[in-house]
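Here is how the chains run, residue by residue.
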Amino acid sequence: MTAYVIRRLLLLPITLFGVTLFVFGVYSFLEPGMKAALYVRDIPKTADALDRIIQKYGLADPFHVQYWRWLNQVFRGNLGWSKTAQRPVLDAILYYFPATVELVLWAAIPVLFIGIWLGILSAVHHNKPIDHASRVFALIGWSFPSYVYGLLLLMVFYAMLHWLPPGRVSDWVIKEINAGTFREVTRIYTIDAIINGRPDVLADVFKHMVLPVITLAYIQWALLLRVTRSSMLETLRQEYVMTARSKGLAERIVVYKHAARNAMIPVATMGGMLLIGLMNGAVITETVFNYRGMGWWAANAATQLDIISVLGFTLFNAVILSLGILFIDILYAVIDPRIRLE
Amino acid sequence: MKLVKQLLRNPLSLFGIVLLLFFGLVAIFAPWLAPPPNPFEPYRIAQFGYSPTPKPPTGPNPLSEVWKIVTRHSDFSKTHPFGTTEGQYDVYYGIVWGTRTAFLAGICITGITALIGIIWGSLAAYFGGWMDMAFMRITDIFQAFPFLIAAMTIAAVLQPRIGRSITTAAIALIVFGWMGYSRLIRGDILSIKERDYVQAARAAGAGHLRIVVRHILPNAIYPTLVVASMDIGSYVISFAALSFLGLGAEVGYADWGQMLSFARNWIPRLHQYWWIILYPGLALILFVLAWNLVGDALRDILDPRLRGRIAV
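Chains as they are written, first to last, in the working numbering: chain A, 1 to 342; chain B, 1 to 312.
Rather than coming from a laboratory, the hints here were simulated on the basis of the structure.
Since this is a predicted model, take the numbers as computed values, not measurements.
All C-beta atoms in this analysis are idealised placements derived from N, C-alpha and C, irrespective of residue type, glycine included.
A portion of the hints provided could be inaccurate.
[As the list claims (entries may be wrong)] Over 12 Å on every C-beta distance to chain B, these chain A residues come out as not near it, computed from the model:
1. Y27
2. P129
3. T243
4. A301
5. V310
[Unchecked claim] If you only want the chain B side, here are some residues facing chain A, beta carbon under 8 Å, derived:
6. F22
7. I267
8. H271
[What the hints assert, rightly or not] Take a look, some chain A residues computed to stay more than 12 Å from chain B by CB distance:
9. F97
10. V156
11. V173
12. N196
13. Q238
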């Protein structure tokens, strides 16, 4: 167990080193002039302005020299200046991060519960109407691009019915934040509303969260459902389940206590994929719903060719993902002793 | 032949195949279904004016209007069976020619990605040792990036160099798509390369290339190909997603994702302008559903081991 964890921990720096190398490699794909253009705020007035910037910042230096310089800055937390957010990239990431965390956490709840629960149900009622229904549901979810789904939801619940608006909060909440009557503590507004003791703000936040959460969760439900279903089907055929039944245990206990626990082991491997899905989905969902989170900002920066911001965002996501997957793998080794032997 | 029969017997995959055939026919007959106003640029959606507001479908029933165009009883430059988007791009034209883009995106991206993954994974597994170690660590690094976010970055960086086009989006997706296949084929090759018949081939003096291509790959490649076929739908979605975000096909290009991105400007009045989202959205959903249905059935038939496995 310890050996496994140590081995995994040792691999992490190698991966992260590769990640930085890759991100910088992508950046180096630009010519020195293009790089310099990323730093210029105004149209240069003299002809040699770009050349001077290239000289000053050594943008034409050999790759390893530039990489080393860049890496030093990254370790000091300097990811560059974001034109789209008008602040340093790291500040921008930290500014938008809580909004995305809020969205992803709320979406993870229905994903886990509904996905797993429907998966178990459809395995228990194999080839019954509920099984067919959830399979069709999964197949449709798998084929449904989240942006189409989000736009359709907006069409019905916002444009047509005016129930659930896009955005993160209503204008009056933003006014209160600017006026200082609503204090941003965590910038996770559901928590902030509770800290401030403002049920009206909480209601407003929820009203804005419903559609993005459904959009982000929908496709992930479908994936989890399929894995849970097939794993559960396999487990229910095992002999120990038959033993449990023949002992006269109630079917509910056999299913949820005996079978489901073991069936969850392969489902746990989905954790990493789920995390990736939620991170990717957040970009699209936030863009569709104009929900001001990290993904919305990054997509905006990408279309405006604010490459420094996009690279910072990618680096940040890769680090988060590597740590997340490491955590999931270690957790998995704790749950399932067999994995440690590999 | 047996495979085709099995695919046709399953009602779901039959439905998928019928849908694919339909889309295939639309793609092949696009020049007749929607004659391009400029024959040299058929992928530019036909544009009728520059008014910023979308115009609704004309005629009582869009499908009957389509029928009239197909039978040459009317000209789609006068009637717009599926309406127009902002900037007066004809939705019907975009959907018809977008079918070609979708096929191109799905098949080419998946094909190239799978090929790269197979070559990479085969090299790693066949030569083993430090090469395996190095190759798999590089795979790890690529997998440390969330797929769509990484593709978005590549597309953004490629844009100043080669311009905004479907090639940009395709390259971006290929760069970050191959890792799953190389892992899959590596595992299969590792278990096969020690088999007796491979040893026999080696003893008979066959070269590395011959052993891999003639003896190992034919026995190891099926699971990877099945997974790749199941991924076509996802690649079409991701490709359209990049266009939707404004990083793929340029404005006015016949691509469903690009057409859907028009809808982003009309969110408060989407119910009024329903045709700018419903028709391209439906085309995209049905196309992806068709591939997924066929891929799903193919997996059940070809490789029962993969049942329930999810490839994203």
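To see whether the hints hold, each was checked on the structure:
1. Its closest Cβ contact with chain B, about 7 Å, brings Y27 (chain A) to no more than 12 Å, contrary to its assignment away from the interface.
2. A cut-off of 12 Å between C-beta atoms confirms that P129 (chain A) is not in contact with chain B; the least separation is 16 Å.
3. For T243 (chain A), the requirement that its beta carbon stay farther than 12 Å from each beta carbon of chain B is met, with the minimum near 24 Å.
4. A beta-carbon of chain B comes within 12 Å of the beta-carbon of A301 (chain A); the shortest separation is about 8 Å.
5. With a closest Cβ-Cβ approach of about 5 Å to chain B, V310 (chain A) is found to fall inside the 12 Å limit, against its non-interface label.
6. Checking F22 (chain B) against chain A by beta carbon gives a least distance of about 16 Å; that is not within 8 Å, so the hint is violated.
7. Look at I267 (chain B): its Cβ gets to within about 5 Å of chain A, closer than 8 Å, so that hint holds up.
8. For H271 (chain B), the interface hint holds, since its Cβ comes within 8 Å of a Cβ in chain A; the closest pair sits about 4 Å apart.
9. Interface exclusion of F97 (chain A) from chain B stands, the closest Cβ pair being 14 Å apart, more than 12 Å.
10. Residue-level check failed: V156 (chain A) sits 7 Å from the nearest beta carbon of chain B, not beyond 12 Å.
11. Against the 12 Å criterion, V173 (chain A) stays outside the reach of chain B, whose nearest CB is about 19 Å from its own CB.
12. Chain B leaves N196 (chain A) outside its interface by the beta-carbon criterion, the shortest separation being 29 Å against a cut-off of 12 Å.
13. The claim that Q238 (chain A) lies off the interface holds: its Cβ sits roughly 16 Å from the closest Cβ of chain B, which is beyond the 12 Å cut-off.
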